[in-house]
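*Asks:* Go ahead and model the full structure; you've got the sequences and the hints to work with.
Protein chains: 2
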Amino acid sequence: MSLRYALLGLLADEAGSGYELTKRFERSLDRYAWHAKHNQVYQELNRLAADGLAEVVEEGARGRKTYAITEAGRADLRHWLLNPPRTPVVRNEFVLRLFLLFALDPKEARSVLADYAAAVQRDLDALTALVESANFDPHDGVLPDPLAFGHLAAGFGLHMLPASRDWAQWAITQIDNQAGEDAGHEGARETGTSGGDGSAEDGDATKGSGSAEDSGATKGSGAVDEAPGS
Amino acid sequence: MSLRYALLGLLADEAGSGYELTKRFERSLDRYAWHAKHNQVYQELNRLAADGLAEVVEEGARGRKTYAITEAGRADLRHWLLNPPRTPVVRNEFVLRLFLLFALDPKEARSVLADYAAAVQRDLDALTALVESANFDPHDGVLPDPLAFGHLAAGFGLHMLPASRDWAQWAITQIDNQAGEDAGHEGARETGTSGGDGSAEDGDATKGSGSAEDSGATKGSGAVDEAPGS
DNA sequence: TATCCCATGTAAAGCGTTACATGATTAA
DNA sequence: TTAATCATGTAACGCTTTACATGGGATA
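Residue numbers (the numbering used here), protein chains in the order written: chain A, 1 to 230; chain B, 1 to 230.
Simulated from the structure, these hints should not be mistaken for laboratory data.
Wrong hints could be hidden among the right ones.
The list treats identical chains as interchangeable, and a pair is accepted whether it falls inside one copy or across any two copies.
Okay, derived cross-link-like pairs now, DSBU-like style, lysine-lysine, Cα gap no bigger than 35 Å in a straight line [what the hints assert, rightly or not]: (1) Lys-107 x Lys-23; (2) Lys-65 x Lys-23; (3) Lys-37 x Lys-65.
*Replies:* Have a look at this one:
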């Protein structure tokens, strides 16, 4: 049902045709929130109209139909927004791939992670440029027209993209640390100084790609088998 | 096809039965990476076996079958890991809901965001506790057994959860700022909204660097309409 | 024995992807 | 005129969800 509400959300912002909504979908929701293809959009718009949640307010050239949300549609959207399920659906092929990297050897895994970090950095640069050109100072943190559509999405990217990049760089240092140890001497895993360096992560956020030298300490073997449960 | 590779990944880590793999799935992949139900797991295991990518290595009580990955399975997984598509699938019902918040009035949106931030904080606390109990110092940033399954996932949570929480708090300040401005003419807006703590300020997005170059501030009009494109 | 959790499935319906199809408008 | 892009759809197939179904093992 999520596609239905994604479309109602777009329509709540502004009426539009199937083609136009598909474009807006791609530009604003596709990356972080929800993915859908154009034919799915057309079909869902038909259903929305059949259910009285949207209506055709204009018909133009070559069959173009402009849809607008109805009052019933607004009510339905509102209800959905205010009643989140306990277990929302999450699917992210990016992240899945990254989580399974342990199945590769360290060199390959490192390369995939470096590509990922670089791609994230490019996205971040593009977003920063967009947002600056829209008269928004990312350091100040105040956007014009708060709560406008796309506003929340832009802020989301500005927060999450650096974290995502930093995670990838952190993962690379983990690999390098292990590789360094394995090269040294087999079996033994103990190196002094566990508190020595302060975080090779966060903060520094080196633009561009990872430098990832830094050596660290590895402590005894341990669990951390899984992420926290449901 | 992603479910297939999620399962191959789990099997590459360790063999297991359908029930067991379902549990591992829920604990490690479900939250950030990929969601699937138990019956889907059983069906996919059958297909995996039929395709020679996994095999039954043990049959136990009440029909229990333990599957292991085959060499063909490892090769297939490896190929998938090394050849990412240009446009991976992303679906996140959480984020979708948050992006569409503009369709609510500010008070309601604020409440949804506050609930979200609190839930994320609880997740983060749980993860931190788990990771500390597993002999990992989150400030040091060095994990035992790098690249182990779940290791990358734990690090991911440690990086992304704070960003996610900070974004929600940033969004709340945006709402409050706008509400303060609007209070000029419109009616009362100084209500003591529900359990809100009011201290939505956190150090992150507010640091440094003087304001902008500023030219023609178009407030209220549609600057920053969309997130960066595909 | 009753009850709960373990453990594995099947069937139907709904959602999403891939491939195919069609015609209009705009720019070279 | 030709090609690219705009713009809208249909059909078949595959993936996911919901609901239903079954029985073993452990414990009170």
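*Asks:* Out of the numbered hints, which ones does the structure contradict?
*Replies:* Result: no hint breaks.
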